[in-house]
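Enquirer: What follows is each chain in one-letter form.
Protein chains: 2
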Amino acid sequence: MLICSSLDEMKRREAAFRFIATVMNQEGRSSLYDLSGLAGGFPVKKSDLNLLETYSGPAIFSSNLQKVGTRHLGGDKVAAFNRTSAAILATILALVKPGEEVIHYLPELPSHPSIPRSAKLQGASYREFDNLQDFQLAEKTSLVVITGSTMDHQVLSLNDFQSIIQISQENQVPVMVDDASGARIRTVIYNQPRAMDMGADLVVTSTDKLMDGPRAGLMAGKSSLIDRIQDKAHQFGLEAQPPIVAGIVRALENFKPQRILDSLERRDKLHKKVGNVLEGVEKTPTGFMITAANLEKEINPDGNENLTKRELATLMAMVLLKEYHLVTIPAVGMPGVSDTIRLDLSSNDAERVDDTQIIQAMKESLELVRELIPDEEASLSVLYE
Amino acid sequence: MLICSSLDEMKRREAAFRFIATVMNQEGRSSLYDLSGLAGGFPVKKSDLNLLETYSGPAIFSSNLQKVGTRHLGGDKVAAFNRTSAAILATILALVKPGEEVIHYLPELPSHPSIPRSAKLQGASYREFDNLQDFQLAEKTSLVVITGSTMDHQVLSLNDFQSIIQISQENQVPVMVDDASGARIRTVIYNQPRAMDMGADLVVTSTDKLMDGPRAGLMAGKSSLIDRIQDKAHQFGLEAQPPIVAGIVRALENFKPQRILDSLERRDKLHKKVGNVLEGVEKTPTGFMITAANLEKEINPDGNENLTKRELATLMAMVLLKEYHLVTIPAVGMPGVSDTIRLDLSSNDAERVDDTQIIQAMKESLELVRELIPDEEASLSVLYE
Numbered sequence: 001m002l003i004c005s006s007l008d009e010m011k012r013r014e015a016a017f018r019f020i021a022t023v024m025n026q027e028g029r030s031s032l033y034d035l036s037g038l039a040g041g042f043p044v045k046k047s048d049l050n051l052l053e054t055y056s057g058p059a060i061f062s063s064n065l066q067k068v069g070t071r072h073l074g075g076d077k078v079a080a081f082n083r084t085s086a087a088i089l090a091t092i093l094a095l096v097k098p099g100e101e102v103i104h105y106l107p108e109l110p111s112h113p114s115i116p117r118s119a120k121l122q123g124a125s126y127r128e129f130d131n132l133q134d135f136q137l138a139e140k141t142s143l144v145v146i147t148g149s150t151m152d153h154q155v156l157s158l159n160d161f162q163s164i165i166q167i168s169q170e171n172q173v174p175v176m177v178d179d180a181s182g183a184r185i186r187t188v189i190y191n192q193p194r195a196m197d198m199g200a201d202l203v204v205t206s207t208d209k210l211m212d213g214p215r216a217g218l219m220a221g222k223s224s225l226i227d228r229i230q231d232k233a234h235q236f237g238l239e240a241q242p243p244i245v246a247g248i249v250r251a252l253e254n255f256k257p258q259r260i261l262d263s264l265e266r267r268d269k270l271h272k273k274v275g276n277v278l279e280g281v282e283k284t285p286t287g288f289m290i291t292a293a294n295l296e297k298e299i300n301p302d303g304n305e306n307l308t309k310r311e312l313a314t315l316m317a318m319v320l321l322k323e324y325h326l327v328t329i330p331a332v333g334m335p336g337v338s339d340t341i342r343l344d345l346s347s348n349d350a351e352r353v354d355d356t357q358i359i360q361a362m363k364e365s366l367e368l369v370r371e372l373i374p375d376e377e378a379s380l381s382v383l384y385e
Numbered sequence: 001m002l003i004c005s006s007l008d009e010m011k012r013r014e015a016a017f018r019f020i021a022t023v024m025n026q027e028g029r030s031s032l033y034d035l036s037g038l039a040g041g042f043p044v045k046k047s048d049l050n051l052l053e054t055y056s057g058p059a060i061f062s063s064n065l066q067k068v069g070t071r072h073l074g075g076d077k078v079a080a081f082n083r084t085s086a087a088i089l090a091t092i093l094a095l096v097k098p099g100e101e102v103i104h105y106l107p108e109l110p111s112h113p114s115i116p117r118s119a120k121l122q123g124a125s126y127r128e129f130d131n132l133q134d135f136q137l138a139e140k141t142s143l144v145v146i147t148g149s150t151m152d153h154q155v156l157s158l159n160d161f162q163s164i165i166q167i168s169q170e171n172q173v174p175v176m177v178d179d180a181s182g183a184r185i186r187t188v189i190y191n192q193p194r195a196m197d198m199g200a201d202l203v204v205t206s207t208d209k210l211m212d213g214p215r216a217g218l219m220a221g222k223s224s225l226i227d228r229i230q231d232k233a234h235q236f237g238l239e240a241q242p243p244i245v246a247g248i249v250r251a252l253e254n255f256k257p258q259r260i261l262d263s264l265e266r267r268d269k270l271h272k273k274v275g276n277v278l279e280g281v282e283k284t285p286t287g288f289m290i291t292a293a294n295l296e297k298e299i300n301p302d303g304n305e306n307l308t309k310r311e312l313a314t315l316m317a318m319v320l321l322k323e324y325h326l327v328t329i330p331a332v333g334m335p336g337v338s339d340t341i342r343l344d345l346s347s348n349d350a351e352r353v354d355d356t357q358i359i360q361a362m363k364e365s366l367e368l369v370r371e372l373i374p375d376e377e378a379s380l381s382v383l384y385e
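Taken in sequence, the protein lines are chains Y and W. Residue 1 is where the first sequence starts when you use the numbering used here, and the numbers rise one by one after that. Residue 1 is where the second sequence starts when you use the numbering used here, and the numbers rise one by one after that.
Note that these hints are calculated values from the structure, not bench results. Among these hints, one or two may not hold up.
A pair counts as met if it fits within one copy or between any two copies, since identical chains are not told apart.
In silico DSSO-like links for lysine-lysine, alpha-carbon gap of 27 angstroms or less [as the list claims (entries may be wrong)]:
1) Lys363 x Lys273
2) Lys272 x Lys46
3) Lys363 x Lys97
4) Lys297 x Lys222
5) Lys97 x Lys273
6) Lys269 x Lys256
7) Lys46 x Lys269
8) Lys272 x Lys283
9) Lys11 x Lys222
10) Lys46 x Lys222
No experiment lies behind these values; they were computed from the predicted model shown.
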C-alpha cells in the first residue's frame with residue numbers, strides 16, 4: 001500500500017509543489033511544462049503590475065478591453081465577469097422577471113447547471129431542448145439561451161443556430177449565446193460565424209478555454225443590454241476585477257487562432273504515436289488521456305499486483321513530473337482528484353515541448369513505473385519526497 | 001465655458017491618462033502619487049506572475065491564504081470572494097431558505113443595499129435595526145447580520161455587538177458580521193476584539209479597505225459553514241480567482257496596523273494645516289476633501305466668474321496632477337464623476353509624499369488656478385492636452 005488516506009494524497013500534492021517550486025527557482029519557469037489544461041492564463045506583463053496599482057490602470061485596461069473584446073466577439077460593447085456562470089446569472093437577473101421563462105437550446109442535453117440554477121433563483125421557469133422539432137417559445141418566454149458548443153466540444157449545427165435565432169427574433173425575445181468554448185471552436189475549427197454576426201443579442205465566452213486567459217466570462221452584445229446586465233453584476237459583485245480584466249486584455253492580444261488548429265493536428269498525430277507505446281490512450285477535445293484502468297491494463301494486464309490503479313496512475317504522474325517536468329492533475333490535484341492522466345495540447349506550455357519529448361516521457365515513465373513497483377521504498381520516495 | 005459635454009469630460013480623462021502614462025514611462029511609478037483612495041492594491045510580486053501561470057500556483061496561494069487569512073480574521077477557515085457583496089449573496093443563498101428571514105443590526109440605518117437585495121433574491125424577508133430595544137428575532141429568522149462599521153466609519157458599540165451575538169446564540173441562529181472596513185477600524189482604532197473572537201459564526205471583510213489589497217471579500221468562520229458557502233459561491237461564479245487570491249495574500253502579508261493609526265494622526269495634523277490655505281477643507285474618515293462649492297467660495301467668493309464650480313474643481317485636480325503628480329478623482333474619473341477633491345492618506349502612495357509637499361501642492365495649485373481662470377487658452381491646454 002502506497003497511498004492509504006487523503007492525508008497521504010495531501011502529502012503527495014505537497015511533494016509535487018515542493019518539486020515544482022525547486023524547478024522554478026533553479027531552472028526557471030521555462031523548464032516546467034504544465035499540460036494540466038487547468039492552469040488558466042494570467043499573461044499580464046511585469047510592467048502592467050505598476051499600472052494596476054493606480055486608479056487609472058484599470059480604466060486603461062477597460063478601454064483596451066472594449067477594443068480587443070469587440071474584435072474577438074463582435075457586438076457594440078463588452079463587459080467582463082468573474083466567471084461565465086456569473087455572467088449568466090447577471091443576464092437572467094437583468095432580463096428575466098420572476099414568473100417568466102428561460103428556454104435553452106443546446107447540441108445535446110443536459111445543460112450546464114448554471115443556466116437552470118440561475119433561472120430557478122430568479123423564480124423563472126426553465127425548459128431545455130436539443131431538438132428543433134420540439135423547440136417552441138411560450139407567451140412567458142423572455143430569454144432564449146443557445147449553447148454554441150458543449151463541454152465535450154459538441155457543436156451546434158449552423159442550421160439549428162440560425163433557426164433558433166430566427167424564431168426568437170420573430171417573437172422579439174432576446175437571444176444569449178453561451179459560447180464558453182464555442183466562440184473559438186465554432187469559428188476557428190468549424191468556420192461558423194461569430195454569434196453576434198448571426199444575429200444574437202448577447203454572447204458570453206470563457207477566457208480560459210482554448211485561449212490563454214484567466215478563468216472569467218467575457219460578454220459582448222448590444223450596448224443597452226450590456227449596460228443593464230453590468231448594472232446587475234455590480235449590485236451582486238459579479239463583475240471581473242481590474243487585474244483579471246488586464247489578464248483578459250493581454251490574452252486576447254496574444255490570441256492566435258492558428259494555435260488551436262495546430263493543436264488539433266498535433267493531437268491526432270501524437271495520439272497515434274503515443275498509442276504505439278501505451279495502448280489504452282484516448283483522444284480528448286484538445287489532447288489525449290489515459291485512464292487509470294487503461295494504465296493498469298498496460299502495466300499489469302493480469303491485475304494481480306499489490307497496487308491499486310490509483311496508486312499506479314499517481315506514480316506515473318509523479319514520474320512524469322519529476323523526470324520530465326510534465327505537470328498533470330494526478331500529481332498536483334487535491335485528494336480524491338481524477339486519476340486519469342490528461343495532456344492538454346492547447347495549454348500554453350504545450351508549445352515549448354515537442355512530440356518526441358512527450359512520446360519519450362510517456363514511454364520511459366511507463367518503464368520507470370514498472371521498475372518502481374517491486375521497490376516500495378523507492379516508490380514512496382517518488383510519491384512523497 | 002471650458003467643459004461643455006460628457007465628451008469633453010472623456011477628453012479630460014484621456015488627457016489625464018496620457019499624462020500619467022508619460023510620467024510612469026519617463027520617471028517611473030514612484031514619481032506618481034495616487035491619493036484617490038480608489039486604486040485598490042495588487043501587490044503581487046513579479047516572481048508571483050510565473051507561478052500564477054501554473055496549476056500549482058493558485059493552490060500554493062490558497063494554502064497561504066488560509067494561514068494569513070485566519071491570522072487576520074480568526075476562525076477555522078477562510079474563503080475569498082470576488083467582492084464582499086458576492087460573499088454576502090453566497091452566504092444568504094447557503095444559509096437562508098425562501099420564506100425565512102434575515103435580520104440586520106447596524107450602527108446607523110439604512111443598510112448597504114447588498115444585504116436586503118440578496119435576501120429578496122432568495123425570497124427571504126428582511127428587517128433592519130439600529131436600536132437594541134427594537135431588535136427581536138422571529139421564529140423564521142435564520143441569519144443575523146451585524147455591520148461592524150458603516151461606510152462613514154461609524155462603529156458599533158461593543159455592548160450592542162455582544163448583546164446581538166448573545167441573543168442570536170440563545171436562539172441558535174448563526175451570526176455573520178459584515179466587517180468590510182470594521183475588521184481593521186474596530187480592532188486597530190477602537191481596540192475591539194475581532195468578530196470571530198466575540199463569538200460570531202462568520203465575518204467578511206473588504207480587502208481594499210484600510211489595507212492595500214484588491215477589491216475582494218475575505219470571509220472567515222467555522223469550517224462547516226465556510227464549506228457550504230463556498231459551494232454556493234462556486235455554483236454561481238462568486239469566488240475570487242487565483243490572481244486576486246495572490247493579491248490578497250500579499251496584501252495581508254504587508255498589512256501593518258500602525259499605518260492606519262499613523263494616517264489618522266497625520267490626517268488630523270494635515271487637515272489643520274491645509275485649512276490655513278484652503279478654508280473649506282473637511283475631514284474624511286481617512287483623509288480630507290474640498291467640495292467644488294467650497295473651492296468656488298475660496299477662489300471666487302462672489303460667484304460672478306464665468307466658470308462653473310465643476311470647471312474650477314476639474315482645473316484644480318488637473319493642476320494637482322500635472323504640476324504635483326497627485327492623482328485625484330476629478331482628474332481621472334468618468335464623465336459625471338464627483339467634483340469633490342479627496343486626498344486619501346491611507347492610500348499606499350501616501351507614505352511616499354510628505355506633508356510639506358501636500359500643503360505646497362494645494363497652496364500653489366490654488367494660486368495657479370486663480371492665474372489660469374482669465375486665460376481660456378491656457379486653461380483648455382491644462383484640461384485637454
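Enquirer: Next step is simple, just say for each hint if it's right about the structure.
Expert: Each hint, compared with the structure:
1. Proximity of Lys363 to Lys273 under the C-alpha cut-off of 27 angstroms is restricted to the intra-copy arrangement: shortest distance 11 angstroms within a copy versus 75 angstroms between copies.
2. For a Cα distance limit of 27 angstroms, the shortest separation of Lys272 from Lys46 qualifies neither inside one copy, at 40 angstroms, nor across copies, at 40 angstroms.
3. In this assembly of identical chains, the alpha carbons of Lys363 and Lys97 never lie at most 27 angstroms apart, being 57 angstroms within a copy and 54 angstroms across copies at closest.
4. In the homo-oligomer, the alpha carbons of Lys297 and Lys222 never lie at most 27 angstroms apart, since the shortest distance is 54 angstroms inside one protomer and 44 angstroms across protomers.
5. Taking the shortest Cα distances, Lys97 and Lys273 never come within 27 angstroms of each other, neither inside one copy (54 angstroms) nor across copies (55 angstroms).
6. Within a single copy, Lys269 and Lys256 get their C-alpha atoms as close as 21 angstroms, which meets the 27 angstroms cut-off; across copies the closest is 56 angstroms, which misses it.
7. Neither within a single protomer nor between protomers do Lys46 and Lys269 lie at most 27 angstroms apart by alpha-carbon distance, with minima of 36 angstroms and 37 angstroms respectively.
8. For a Cα distance limit of 27 angstroms, the shortest separation of Lys272 from Lys283 inside one copy, 9 angstroms, qualifies, whereas the shortest one across copies, 71 angstroms, does not.
9. Taking the shortest Cα distances, Lys11 and Lys222 sit within 27 angstroms of each other only across copies (24 angstroms), while inside one copy they are farther apart (50 angstroms).
10. In this assembly of identical chains, the alpha carbons of Lys46 and Lys222 never lie at most 27 angstroms apart, being 34 angstroms within a copy and 38 angstroms across copies at closest.
In this structure, the hints that do not hold are numbers 2, 3, 4, 5, 7 and 10, in rising order.
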